[in-house]
Every structure is written in C-alpha cells, then in structure tokens.
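In order, the protein sequence lines correspond to chains A and B. Every letter in the first sequence is one number past the one before it in our numbering, and letter 56, counting from 1, is 56. Every letter in the second sequence is one number past the one before it in our numbering, and letter 184, counting from 1, is 1184.
In short, the hints are calculated from the structure, not lab data. Backbone N, C-alpha and C define an ideal beta-carbon position, used for all residues, glycine too. Among the hints, a few may not be true.
Stated by the list, open to error - Each pair of labels, with its calculated beta carbon distance range:
| no. | chain 1 | residue 1 | chain 2 | residue 2 | range |
| --- | --- | --- | --- | --- | --- |
| 1 | B | N1140 | A | E169 | 39 to 45 Å |
| 2 | A | S39 | B | M1001 | 30 to 36 Å |
| 3 | B | A1065 | A | E59 | 52 to 58 Å |
| 4 | B | D1129 | A | S58 | 32 to 38 Å |
| 5 | B | M1001 | A | D11 | 20 to 26 Å |
| 6 | A | K149 | B | M1001 | 28 to 34 Å |
| 7 | B | G1159 | A | Y177 | 35 to 41 Å |
| 8 | A | N68 | B | K1139 | 39 to 45 Å |
| 9 | B | F1163 | A | Y177 | 32 to 38 Å |
Protein chains: 2
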Amino acid sequence: MLKIVGVGICDGQITERAAKIISEAEVVFGSKRAISLASKYIRGKIFEIKKFEKEVYSEIEKIGAEKNVVVLSTGDPMVAGLGSKIRGTVEPGISSVQMALAKVKEDLCNVVVIDAHAKSAENEFDLIDRKNLLILADKNFDPSVFGKKRAALIENICGNERFVLGRAEDLEIRSDYVIVFVWR
Amino acid sequence: MLKIVGVGICDGQITERAAKIISEAEVVFGSKRAISLASKYIRGKIFEIKKFEKEVYSEIEKIGAEKNVVVLSTGDPMVAGLGSKIRGTVEPGISSVQMALAKVKEDLCNVVVIDAHAKSAENEFDLIDRKNLLILADKNFDPSVFGKKRAALIENICGNERFVLGRAEDLEIRSDYVIVFVWR
Chain A
1 MLKIVGVGIC DGQITERAAK IISEAEVVFG SKRAISLASK YIRGKIFEIK
51 KFEKEVYSEI EKIGAEKNVV VLSTGDPMVA GLGSKIRGTV EPGISSVQMA
101 LAKVKEDLCN VVVIDAHAKS AENEFDLIDR KNLLILADKN FDPSVFGKKR
151 AALIENICGN ERFVLGRAED LEIRSDYVIV FVWR
Chain B
1001 MLKIVGVGIC DGQITERAAK IISEAEVVFG SKRAISLASK YIRGKIFEIK
1051 KFEKEVYSEI EKIGAEKNVV VLSTGDPMVA GLGSKIRGTV EPGISSVQMA
1101 LAKVKEDLCN VVVIDAHAKS AENEFDLIDR KNLLILADKN FDPSVFGKKR
1151 AALIENICGN ERFVLGRAED LEIRSDYVIV FVWR
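Excised from the complex, chain A in its bound form:
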C-alpha cells in the first residue's frame, strides 16, 4: 500500500487525517524538509529521498507493493508535487499556492496557476488576458514580461517572509523559491 501525503509547507499544517496515515506507515520516504515537518508523527523506518527521479519513484512503488509505505510531499502532492509522479492514493496538504492566495486575498477560481520553477512557461503567460496568474518561480523568472501590471511577490512564506506589492516590472526576485502573483 502506498500513500502520498501532503505535509504542508509551514510547521503545524499537517491535518489530523494525514497525521494518522503517517503514524501508521511501516516505511516513510520524503525530502529532508518533508521529514522534518512530519517527524513527530513518524514511527516507521525513514528514508530520505535525495534524487527526485523516475528510477527512485519506481523503487518506492515496488516497496509499496509489499509494505505500508507513505511518501511525504511538502505542500500538497497535487501542486507541483509527487502525486502525479508516483502511483498511490493521495492525501492533500496545505500548499504554498494556498498561502499565497490567502495573502493576496484572491480566490483560486479567478486564478491560473503556472509552474515556472526550474522550467520555462512562457507559452502560458498570455493567459493574463483571461485570469490573474499565480506563478511558481525562481531567480530565472523575469516579472517584467508583465510590464506595469499590478503584481505581488512572496518569498520565504513560513520563515522570514518577504511580501512586496508593486508593478510587475519593478519586482526583484531574490530567492529560488518564490511566488509571483500578477493581477489581470
């Protein structure tokens, strides 16, 4: 049995359901950060995932066929997460997208979420003509493509948060884990 469980992105964001599933697992896989967030619930053997690759996922799936396995996913497994990459049932968690929407007070139904983290997503930027855009980005992303549109930048959501409101072209990205929100 294999379950992919969202552990949120900040301390204290694990749901009761997720905590129970984690505590019942014989084997727990996850990134260092995910393991740290879930540590007080883990009773089984812990394996840190260091390479996020297909071969690793296949190996985990094999173990899941034999044992009660949980794969921890920071945030929500279905938001730029492991849920679509590993076979198994998914238990949701709080994602950085939700934290960002809470900050800018915009409803998900008025937004298109774009993954531009460690990849190009330029072919989706024209969707700004239809909805607000929430872009998962890194230092390579250039907000100036959206010119003078109203925008927000959110870095270090759980820690020493940096939240900047302004024109898209004026935003200055300092970290490799950043959310850029652009209003239509």
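Mind docking chain B on chain A? Use the hints.
For chain B alone, kept in the frame of chain A given last:
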C-alpha cells in the same frame, strides 16, 4: 481581530494551526457544516451564519474590531469561499478542489479551476483548449458542452462518494455539489 479559517470538507482535515486559532477565538461564526467540522476545538460563543450576504459580513467585521473573532469556512477560504468576501487574515484548509485533484491524479498547474456553482461560467469553457478544467458545478451544469472529451464526475466527496469516469457528454449529474473534471 478577525481570522477566516479553513476547516476542510471532510472530518479530520483541520490542521494543527487552524485548531489552535479556533480554540483561541472568543466568538466563532460559520455555516452549520463548518461548525460541525470544527466543533471539538471551539471554546468561544458560536453563531451560525444562515444568510451569506454582504450585510452579514459587515456585521461580523464590526464584531472583529472589538473581539477575537474566527469565521469558519468549509474547505479553503480562498476556493469559492469567504476569504475574498470578509476582511481579515486567512488560514488555509483542505478544499474540494484538492480532493478532486487527488482523485484524478492531475496537478493543479495543469488545470484551470472554474466556479460554475449557482452561476453561469460559459465564457470560460474555451480555456479547455489550453488546460484541463476543474468545474465546481450544480445540477444546472450541462457537461455535454465538452462533447466526447474524457471527463470525471465526483459527488459526495466525504460521504457516499460517487466517482464516474467517461465521456463528458455521458456524465449524469445527480447532486447540487459536484465537481466535473474535463481533460484537455
């Protein structure tokens, strides 16, 4: 102080952070369902919201200026929720959108979420040419507009769940709280 707190949509989906915020509130507002989901954490006075209208929200905001108020929101406050309608800080919760994505195993970054619950959203349906669509719908929604496209229907997510995979035109909606997922 006013906080709008997501309580998830099924039992056991409240996060540790949300539980703490709820337990510290002097006054708690929410729908019958939201109050039921959060009941074990509530210590303050409880007021059921029966009319979801601007006047009610203004009244709640006034009380929030005097006391430590929590407004409970089923699911996530920023997913067709109260977060964009009431002034206050938002604490995320697990939404029906997340439950549906977990079920169909599709990542939010490949999806546009559309609110067609108790309203028309036809002007957004052409976005199917760009991304998968996740539609919050009711009995008035007609999935056949998407013809023979691959689609899924999810009703009663936490209870006696009904999950149907098929062609969009063949899906039969039976309830007023339904999610229709249409693959691009």
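Each hint tested on the structure:
1. Restraint check, N1140(B) to E169(A): a C-beta distance of roughly 42 Å satisfies the suggested window 39 to 45 Å.
2. Range check, S39(A) to M1001(B): about 31 Å between beta-carbon atoms, so the 30 to 36 Å window is met.
3. One distance hint, 52 to 58 Å for the beta-carbon pair A1065(B) and E59(A), holds here, with the actual separation near 56 Å.
4. Between D1129(B) and S58(A) the CB atoms are about 34 Å apart, so this pair conforms to the stated range of 32 to 38 Å.
5. The given range of 20 to 26 Å is respected by M1001(B) and D11(A), whose C-beta atoms sit roughly 21 Å from each other.
6. The given range of 28 to 34 Å is respected by K149(A) and M1001(B), whose C-beta atoms sit roughly 32 Å from each other.
7. Checked against the hint of 35 to 41 Å, the C-beta distance between G1159(B) and Y177(A) comes to roughly 37 Å, which is consistent with it.
8. Range check, N68(A) to K1139(B): Cβ separation about 40 Å, and the 39 to 45 Å hint holds.
9. The hinted range of 32 to 38 Å is satisfied by F1163(B) and Y177(A), whose Cβ atoms lie roughly 34 Å apart.
Consistency with the previously given hints is maintained throughout, with no hint failing.
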